[in-house]
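Colleague: Residues per chain are reported as follows:
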Amino acid sequence: MDTLRVLIVDDEDDFRETIVKRLKVRKVLAEGASSGIEALKVLETKDYDVIVLDVKMPKMDGIETLRHIKKLKPEIEVIMLTGHASVEFGIKGMQLGAFDYVMKPAPLNELLDTIIQAYNKKRGLPH
Amino acid sequence: MHERNYTKLWWRNCLAIICLSVVPLLFVAISLYSLFDGIYTEKVTETLKRTAENRRDAIDLFFNERIAQLYTIANTNTFAALSDETFLKKIFEVMHVKSNSYMDIGVIDDEGNHRSYVGPYYSLLKEVNYKHEPWFNATKANGIYISDIFMGFRKVPHFIIAVMVREKNTSWILRVTINLKNIYDVLQVDLVGEGSDAFIVNNKNVLMTQPRSGGYYLEKPNYPDFSSTITTNAGRRNFEAQESFYASTKISSTKWVLVVKEDPAEILLPFQKGRYLMVFFTISGLATIVLGAIIFTNVLINRIRQTDQEDASKSDMLIQANKMIALSKMAAGIAHEVNNPLAAIAEVAGWMKDLLAEEDIAKNKNFTELDESVDKIEQQVARAKKVIHNLLGFARRMEPAKEKINVNTLLDETTGFLDNEAKYVNINIEKKYAENVPIITNDLSQIQQVILNILNNAIDAIEHSGTVTVSTRYHEKTDEVEISIADTGKGIPESNLGKIFDPFFTTKEVGKGTGLGLSISYTIIEKLGGRITVESKAGEGTVFTIFLPKN
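These protein sequences, in sequence, are chains S and H.
Quick note, our numbering runs 3 ahead of the 1-based positions in the first sequence.
Quick note, our numbering runs 669 ahead of the 1-based positions in the second sequence.
Some hints could be false.
What the hints assert, rightly or not - Under the rule of at most 27 Å between Cα atoms (straight-line distance), these lysine-lysine pairs were calculated in the DSS-like manner:
#1 H:K1022 <-> S:K24
#2 H:K1100 <-> H:K1073
#3 H:K998 <-> S:K59
Said to hold, decoys possible - To spell it out: a stretch of chain H is covered by chain S in this simulated footprint if at least three of its residues, at any positions, have a beta carbon under 8 Å from a beta carbon of chain S; those stretches are:
#4 1011–1021
#5 1085–1093
#6 1193–1205
In short, the hints are calculated from the structure, not lab data.
Glycine is no exception: its CB is placed at the ideal position from the N, C-alpha and C atoms.
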């Protein structure tokens, strides 16, 4: 698990920072990015296994960010974070190559399960 | 919406119809009436004119015959012969055989002396000298003379016809007195109606005969002056303040004018009947128009009122629909805005729990209180999450997108999402697509959400090892595309089958399902113009069938 690198992309600081902290407690190498643009910038220098991407963000939304990520590094698995009002973006994300979507607010364990499944898929393990 | 004044509209419409129909009806009635009136008056005056002329001709003939007779007697006998009263009496008797119109006969010499006389007033008239009588001089001047009616010595109305004869150096006159009855016989024959009358005036408008309605010989009649008639006149004039039909004609052998009069009340009786009939028809026509206008207007106004009400309720519905759209947009907005802080709260609470787990329970006297408080925060977050979920179930996109959808392709794609998951639990997804399924126009992502939800349910129902059969069909009759998803799972007990689309109904463990999936699916499909049905047998499996309209 020590090698599982996750990038959380969300513009809500409290949410993002807390998730990162909680994932770190669970031995996940989690980092945060507060926008799609920042995430793409970070991706230029760093590599991740799974990216958790909020669909609703200012300037560049999750769907657009996903397109860029899939173009830039298609091997990275992406999980879409949606609100109840934006489930269709989750589905849209899956059509564009996202691994799955998770509805906010979700218990951390559910998110972590999905992250691990995505990681397993990336590694070619059953998921 | 502006409320119509139906009473005012009713009156306006009703009066407009009545006016538009009554005006032509009255126009026809009045023109028919005046036409009829004109024709009838013309006919009546024409008839009256003919009557007057017939009577005139009869009187003229009478005069001419008398004159001819006198003329013959005067010229076939000598003055000397006729002066013999025995001979004259013989002649008078012969004249009387064929005509009783003569009252007496006399022969008057050049000096105005009665040379012979036969008649009832012998003693009175025999010695009379006529030299200064106007008729004597007129006869001498004209040769033939017909007098006006006069009273004369006898003091009874009569008139005379005199013929002058020239013999050698002298002249003499043969004179007869004519019974007025003969004139009356011709004049007033066949006067039936009470208002009918016939009389004669001379050129000075003095009565020569007495009208039936009153007036005396030699007096002025109470009627208009017809004495100046030259040929024949006819028309309507006031007789004693009552309008009557008249015809006046000049008797050519005299200076007299014959007048025939008819009372319009009698002569116009048939016309009057026609008029009553016309008035009756006009009034019944008017009544029909008024009744028709009222009935028609009632129907019309009711129709308008109904349409207005329909319009009003339509616009009410539109307002309601707009309200719902606005409300759902607001609900979605609120849900989204509240969701993010809620997620943050949940995460922070989770983090607190993580931290508490590392604390030493013995050293921290408030540990239990803190732990319970964080639990409560998490419970309340879960509650708020449900509220938002409900709100969104209601707010689910109100305006569906319109996209061209190939249903078979959509199913391939959607099942693709679940292929791995299915394989993992040994579930085979079988596809039985019909080839004639047309492209439909609808909201792709919403349909996909529903299909995904049902497929997930199918997989959950099977749990391990089984088959999910996805099939499509096209119903030409109803122009619908059918998507059927059948599983070989545990099925739904009959008692639950009626409730599965109800919100919050779930058989899953607490926390595993919200009970909203099928409810939302149902609402979405309804909103997209389709329908969703379910068949199930406990222990055998469940079939969900979605019907979507082609357009």
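Colleague: Using C-beta distances, would you say chain S covers the segment 1085–1093 of chain H, given that this needs three or more residues below 8 Å?
Modeller: The restraint on the segment 1085–1093 of chain H holds, since 3 of its residues have a Cβ under 8 Å from chain S and three suffice.
Colleague: For the pair supplied as a hint, K1022 (chain H) and K24 (chain S), confirm whether the alpha-carbon distance does not exceed 27 Å.
Modeller: holds (12 Å)
Colleague: Check the hint pairing K998 (chain H) with K59 (chain S) against an upper bound of 27 Å on the C-alpha distance.
Modeller: holds (16 Å)
Colleague: Taking 27 Å as the top limit, are the C-alpha atoms of K1100 (chain H) and K1073 (chain H) close enough?
Modeller: holds (21 Å)
Colleague: Are there three or more residues in the segment 1011–1021 of chain H whose C-beta lies closer than 8 Å to some C-beta of chain S?
Modeller: holds (count 9)
Colleague: State whether the coverage of the segment 1193–1205 of chain H by chain S holds or is violated, taking the criterion as 3 or more residues with Cβ-Cβ distances under 8 Å.
Modeller: Not satisfied, violated; 0 residues make the cut.
Violated hint for the displayed structure: number 6, the only one.
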